[in-house]
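Engineer: Kindly produce the complete structure, drawing on both the sequences and the hints.
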Amino acid sequence: MLNGFLVVSPLALLNLVVLFLAMLKFENPPLSLVLFVLLSIVPTSLKFHLIAGEKRAPASSGTPPLHFSGRIEVRSTSGSVEGYVRNWNSAASVSGVNYGGPDEELHVNFYTTPSGTGPVNILTTNPNFPAPYYIGTSTNATLGVNSANIVGFNNVAETPAGSPPVSIDGQEAESSIWSINPNTREIKAQYVNTDGTYPRTLIFYDIRENSIFFGGDINAYNKEHVDTPASVVKFYLAAIAN
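Sequential numbering of the sequence shown, starting at 171, is according to the numbering used here.
Quick caveat, the hints were computed from the structure, so don't treat them as lab data. Since the structure is predicted, the reported quantities are computational estimates derived from the model, not experimental observations. Treat the hints with care, as some may be off.
[To be verified] Derived DSS-like pairs: lysine-lysine, alpha-carbon spacing no greater than 27 Å straight-line:
1) Lys-393 x Lys-358
2) Lys-404 x Lys-358
3) Lys-393 x Lys-404
Structural biologist: In structure tokens, the structure reads:
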């Protein structure tokens, strides 16, 4: 091939003449002769691809997911540790800080992409409560700025990523809401409103009631709950104590 034109050798031209004469002599020239002539005028590099097919680069196997396991540390925005998410055999199974022994401390397991982006499910590995064993939001209020609305935090059934609350066994559940920063180990939640919007999702902690839940505006919430205000906290994945 030269400047977009097919260069044909003298031998190929001779073979082309042979094919033309054969077509004059035979109404249907032998297929083997036709193929021989056609292949003789095709450049070698192109001929290889026509016969053998182009060899493709092997598909990338991709980077394997990251595996995380441990307990969930609850920190104030100033960095002080409030404790670890609890593991109680009660209706409020995980929605508070553990003040008991190590067996009442929630242990979890999950996988993410190498960047930690979600959403992913977080599975409890040592539940003191009956199934389901994922953790997430358990009610379906609409969160937003200037709204005092909140949604619960509890053990929930598995739900699809990016889905609004799904009604399962009396709960309005979302499980696939989590992401993690692989460097800092901070775990964040992203709730999906019933209309499919993605509001700012903060983790609230009412220390008086020892209650953890989610909201979108801490100031709006505290204006309506003067006697039982909450504060914003953060979740971090921590190693399980030996």
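Engineer: None of the hints should be skipped; say for each whether it holds.
Structural biologist: Hints, one by one, checked against the model:
1. Lys-393 x Lys-358: Between Lys-393 and Lys-358 the Cα gap is close to 25 Å, so the pair holds against 27 Å.
2. Lys-404 x Lys-358: Holds, at about 8 Å.
3. Lys-393 x Lys-404: holds, 21 Å
Hint compliance for this structure: every hint is met.
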